[in-house]
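Asker: These protein sequences, in sequence, are chains E and H.
According to this note's numbering, the stretch in the first sequence is residues 9 to 124, in order.
According to this note's numbering, the stretch in the second sequence is residues 9 to 124, in order.
There could be a bad hint or two in this list.
The list treats identical chains as interchangeable, and a pair is accepted whether it falls inside one copy or across any two copies.
As the list claims (entries may be wrong) - The list that follows gives simulated cross-link-like pairs (lysine-lysine, DSS-like), each with its CA atoms no further than 30 Å apart:
id	residue 1	residue 2
1	K28	K124
2	K100	K124
3	K100	K28
Hints were generated in silico from the structure; no laboratory data involved.
Small disclaimer: the values here were computed from a predicted structure and weren't measured.
There are 2 protein chains.
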Amino acid sequence: MIVKTIEGIEALPVQMEGAKDVTVRVVFGPGDGAPTFAMRVFELAPGGHTPFHVHPFEHEAVILSGRIGMVTPEGTRPLAVGDMLLVMGDEKHQFRNLSDTESASFMCLVPIAYQK
Amino acid sequence: MIVKTIEGIEALPVQMEGAKDVTVRVVFGPGDGAPTFAMRVFELAPGGHTPFHVHPFEHEAVILSGRIGMVTPEGTRPLAVGDMLLVMGDEKHQFRNLSDTESASFMCLVPIAYQK
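The task is simple: from the sequences and hints, build the whole structure.
Answerer: See the structure below:
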C-alpha cells in the first residue's frame, strides 16, 4: 500500500502544445505500479489552461479548488468545487482557470496506458 | 460529458458481509458508460467500516472528510483528509471510521469490471 500527500509530490510543468501555466502531479502512475488507471492533480495558474484537444480515452475528474471552466465546442461551462466529471473519449475539451488572480486545481484520472 | 454533484447521487447501503454503517454513491460506473474505471464515494457513520477483506483488484482512494483509519494485518494507520492511497490487489484492508461521533467519507476508484 502506498499513501501520499499532495505536498510530497513534485509539480511538473505540462509541456503539451496548447497548455498554458499548468503543472501536473502524478499521484499514482506506472512508477507506482498502478495497474489500470492513473491519478493526477493539475494546478492552473491564474488564466492558465490545458490544451483544447481531443483524445480517444476518457477522463474522470474532480474540481478541487478555484474557478474552473470546462470549454467544449458548445461553449464554456463554469464548474464548482466538488463537481465531478466524466469526459468521454473523442469529446473535445479544455480545463480553463476563469480567475485572473487565483490558482485552481483539479484531480484527473485516465487509463494507465495514457499516463507517461 | 457528464457532470455530477455528490448531492445529486443516491447513497445506497453497502450490503457486503463485514460492512457496518457504510453507504456508497456510484459517481461514475457502468450505468454512465465509464469505460475503464469506476468512481465511488463511501460514507462511514460513526464507528462504521468496510469489510476487512482482500480482492484481486486495486483501489485508488482519497480521504474526503473525517478521521479514517486504514486497517491492515499490521495494524491501524490513521489517515488525514487529503491523503491519497493505492491499495494493491491482494492486500488485506479495511477503511474504518475512528470517530464515535462524526461521520467520515472517502472516494475510492476501482477497475470497471469490479463495479456492479
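Asker: Quick one: which hint numbers does this structure break? Sort them smallest to largest.
Answerer: Result: no hint breaks.
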